[in-house]
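In the order they appear, the protein sequences are chains A and B.
Numbering of the first sequence is given in our numbering, commencing with residue 1 and proceeding in unit increments.
Numbering of the second sequence is given in our numbering, commencing with residue 206 and proceeding in unit increments.
Think of the hints as simulated: they come from the structure by calculation, not from any bench.
Restraint ranges, calculated between C-beta atoms of paired labels, are given here:
# : chain 1 : residue 1 : chain 2 : residue 2 : range
1 : B       : Glu428    : A       : Ala116    : 30 to 40 Å
2 : A       : Gly179    : B       : Arg225    : 43 to 53 Å
3 : B       : Leu321    : A       : Arg117    : 51 to 61 Å
4 : A       : Glu8      : B       : Gly360    : 19 to 29 Å
5 : B       : Leu361    : A       : His31     : 27 to 37 Å
6 : A       : Ile5      : B       : Ala421    : 20 to 30 Å
Where is the CB? At the ideal position from N, CA and C, for every residue including glycine.
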Amino acid sequence: MLEVIGLECRRGDRRLFSGLDLVLGPGTLLHVRGRNGSGKTTLLRTLCGLFTPDAGEVRWRGESIRTLAEDYRRELLYCGHLNGIKSDLTGLENLAIAARLDGDPVGSDAVWQALARIGLRGFEDLPTRMLSQGQKRRVALARLILSRARLWVLDEPFTALDVEAVALLQGLIAEHLAGGGLVVMTTHQEVPLTSGQVARLDLGG
Amino acid sequence: MWAVFWCILKRDLLLALRRRTEVLTTLFFFVIVVSLFPLGVGTERQVLQILGPGVVWVAALLASMLALERLFAADYEDGTLEQMLLTPQPLSLLVLAKVGAHWLLTGLPLVLIAPLVGMQYHLSEAQIGIMMLALLLGTPILSLIGAIGAALTLGLRGGGILLSLLILPLYIPVLVYGAGAVEVSRIALTDTEPYLMLLSAFLLAALTLAPLASAAALKISLE
Chain A
1 MLEVIGLECR RGDRRLFSGL DLVLGPGTLL HVRGRNGSGK TTLLRTLCGL
51 FTPDAGEVRW RGESIRTLAE DYRRELLYCG HLNGIKSDLT GLENLAIAAR
101 LDGDPVGSDA VWQALARIGL RGFEDLPTRM LSQGQKRRVA LARLILSRAR
151 LWVLDEPFTA LDVEAVALLQ GLIAEHLAGG GLVVMTTHQE VPLTSGQVAR
201 LDLGG
Chain B
206 MWAVFWCILK RDLLLALRRR TEVLTTLFFF VIVVSLFPLG VGTERQVLQI
256 LGPGVVWVAA LLASMLALER LFAADYEDGT LEQMLLTPQP LSLLVLAKVG
306 AHWLLTGLPL VLIAPLVGMQ YHLSEAQIGI MMLALLLGTP ILSLIGAIGA
356 ALTLGLRGGG ILLSLLILPL YIPVLVYGAG AVEVSRIALT DTEPYLMLLS
406 AFLLAALTLA PLASAAALKI SLE
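My request is simple: use the sequences and hints to build the entire structure.
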């Protein structure tokens, strides 16, 4: 479903990677590994279409993501280093707006449930600036519960999370893979992911 | 599609409501700059009547520059802008909604306070009416053109100064015709029509082109 053909990315004069080929089918997790600065985030951003590669292309269901544009973004969920939530809005508001922008508005019941499941019961209507770093991360990750995207691109999703939240996120990923979804992620933590096929990619050898 | 437009508009208004200072700064800046001139040049009626239109418009340009830098910067810093780029919505529509909210918060207050400012310069009622109309047509153009500059300078160090250098020259037509309309209305009200028509034409052109240009600029800035 997700294909990468001869991808090459540069940052300034430095070549991060070149001639990268990948094919990911449904239910597969791709674990991207590498040292700091080896181009993991750049690769992930390229897969999302945020960064234009210097050569090669990314295809989704056989078509280039450049031509698919909005149809591709409908099936994509990206969770980057930044949480992408407004600190002056509550968790509820943040999630409702995100769902609306993603094109599938959800009822407030679904948002309450998602926040409860991610472990933020009782914090739903506090401005997120009052929450701890880990709790903010949880708000951002609650989008995974609400979203119907097929492809999840997660950049260091486990940062700032406690043991309980890590387990929860692992569960979410496993569920997503079992449902035929795709996950591309980077993490420095050794996190066992039991279900689905796990592919590994090492950058900057 | 409009649901998304309203969603962003409401979001930005709600955010401004929770951070009121940013809105009030623009308005107070405008009022203070405009009020400084009578103190500086004296209160002679005729001098003020001649200076009035130009001063009000220059102050409006500067005031609208003030909040422009924050138009996309806040969303850029917390990653929400990145997420907007990844939604299956046309980015130019989201930009238009953001600019709309920006105008409601920084442009519209200037229009509403104009009568008060006009009185300081001994402008007649009719002139004040024309000034409000001209500001109503002109301030959205300022926000729309400004959005292109804000998008281009996003994330640059010292972007604020660069933004002013980039955008202020583009504001000149609005300044010329906006101040012109008020100036001409001193002699004959009917003569203001071509000025207002030209401002309307600028507004329509800016409404169609600026969101597209800003969206393209945002994509480049976020790479």
